[in-house]
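Peer 1: Same order as they appear, the protein sequences are chains P and G.
Positions 1 to 179 (the numbering used here) are the ones given, in order, by the first sequence.
Positions 180 to 466 (the numbering used here) are the ones given, in order, by the second sequence.
Honestly, I wouldn't trust all of these hints.
Below, computed lysine-lysine pairings styled on DSS-like, alpha-carbon distance capped at 30 angstroms [what the hints assert, rightly or not]:
1. G:Lys-408 - P:Lys-58
2. G:Lys-185 - P:Lys-58
3. P:Lys-5 - P:Lys-58
4. P:Lys-168 - G:Lys-185
5. P:Lys-5 - G:Lys-408
6. P:Lys-167 - G:Lys-408
7. G:Lys-185 - P:Lys-145
8. G:Lys-408 - P:Lys-171
9. P:Lys-167 - P:Lys-145
The hints are simulated quantities; they were obtained by calculation from the structure and are not laboratory data.
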Amino acid sequence: VKDEKTLYDRLVTQMAAGDTQALEALYGALHSAVYGLALAILKDRGDAEDVMQNTFLKVWEHAPQYQAGTDAKAWILRIARNLAYHHFRDQKQYGILEEEENRLPCRDELTPSLDRILLDSLLGTLDSCERQIVMLYSVAGYSHKEIAVIVDRPYATVRWKFRNAVKKLAKLAEREGLL
Amino acid sequence: VKETKKITQAIRCAVEAEVPDVLPLVVRALPLQKDRPPERTRRPALKYAVCLAASLFFCLGGFLGIPSLFGQVLSSSGKIGDGNEFTMVAYAAEAPDADKMEIALSKKHTLTDDQIHDNWFASGSGLVVQTLPDGQVEIEFETTFNIDCVGTNIRYVTFTTSEGVFIREQELLNSAADVHCIHGYTMTDFDGNVIQTHYYTHVPVGQQYTVSYAQQFDDTVSYGIRFTKQFSSEEAAWEWIDGSIDAGGLGAVIRESLSGMITITAEFTDGTRDTRPLLLDASDAYR
């Protein structure tokens, strides 16, 4: 974990100096986590893609302001989260968005895999906070304590919500014969 | 644990399989180095001035809606005026309106081990067990709920607790101004726009929290109580397994040790007061 933190720190520092290869490396390491978090908040794959793109642009723009040693990965995920909320708010303001809880994940032409069905269940069944917690745990590999910092919730709440969410998904997966 | 692993793994695989590659778009859109915004200058003096002003404001207390940090518990002033009524409904913090279920106001519940286990994942509760540096084991149980004090001629409602810490939590989107704030934080985006603000007000034993009748129906607010108990390592002989409860050991501790009473006092427009005790044990958020 320490090595990972040092690596991300170094990459952001290099980006601050204009190194695009550092951006590529950082993108390779974190794009799934950024996309997953944005998807968890927005429940829309197209919007999540926009947020992912903007996140890396913001990271590039603000890399000189990053304070080394303060956890670059958490910093980037917080940017993604802020942008996703911003996106959500803007859409709501302009009347583009339906009620958040009524939004359903869009289906594409791909035959849904079992994993994909579970992901769609996550988007359709869990509340916003639960989705973010499960996504940060599953895709970003964060512990409950680290997630608590990113989602601004008490540790106990995060842990309880995570358990609650997994329990719901497990029930659903069992019912659908996915597990 | 196996189930959790399977589910989280499946979700990771699904996200990794569908995540689009936007790197070429990002690289094309990169601003030139010289176009980057200048580093923001910090203004610590302003921050400290705001903190000092806030501290003075809260220490002086006594304003409507602000907990008086040095206040005394209100006492009942005897006979209640004619026509004054006061009933309460308490319910789990995240229960939708249709599911509001009343919490017993004066009868303490006796929990079975099965109930504790079934309710472990229930809405609005959390338990932290941690070993302190001195070897003691600390259990912190926090439960959140909503209370509506409904009645006629009520002007103010005051909360006090006999055990633990009474908590008021408010979550606001796109707003930063709230005079109730004692503990809180605000998330902003890079343009300085407030995205989300959380406020916590902690009211320990011996202090009180007063809101106007109308303020208590604020949808963004929920209440909670936090009990903290410490045990020596010998006392804490129960088995603690993450995410489960040893019904005989830890369950018994939750059942027996973590309880307290919140006293809710309604002050009516004619100056008379009436109080209701709300006994909470570890079960009350589980309804």
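Peer 1: With reference to the structure, classify each hint as holding or not holding.
Peer 2: Hint check results:
With a C-alpha separation of about 45 angstroms, the suggested pair Lys-408 of chain G and Lys-58 of chain P falls outside the 30 angstroms cut-off, and the hint is violated. As the CA atoms of Lys-185 of chain G and Lys-58 of chain P are separated by approximately 34 angstroms, the hinted pair breaks the 30 angstroms bound. At roughly 20 angstroms between alpha-carbon atoms, Lys-5 of chain P and Lys-58 of chain P fall within 30 angstroms of each other, so this suggested pair holds. Taking the CA atoms of Lys-168 of chain P and Lys-185 of chain G, the gap is about 14 angstroms. The hint holds against a cut of 30 angstroms.
Restraint check: the Cα-Cα separation between Lys-5 of chain P and Lys-408 of chain G comes to about 35 angstroms, which exceeds 30 angstroms; the hinted pair is violated. For the proposed pair Lys-167 of chain P and Lys-408 of chain G, the alpha carbon gap of about 28 angstroms is at most 30 angstroms, so the pair holds. At roughly 21 angstroms between alpha-carbon atoms, Lys-185 of chain G and Lys-145 of chain P fall within 30 angstroms of each other, so this suggested pair holds. Distance hint between Lys-408 of chain G and Lys-171 of chain P is unfulfilled; the C-alpha atoms sit about 34 angstroms from each other, more than 30 angstroms.
Taken as a hint, the Lys-167 of chain P and Lys-145 of chain P pair is honoured in the structure, with Cα atoms around 20 angstroms apart against an allowance of 30 angstroms.
In summary, the numbered hints that this structure violates are 1, 2, 5, 8.
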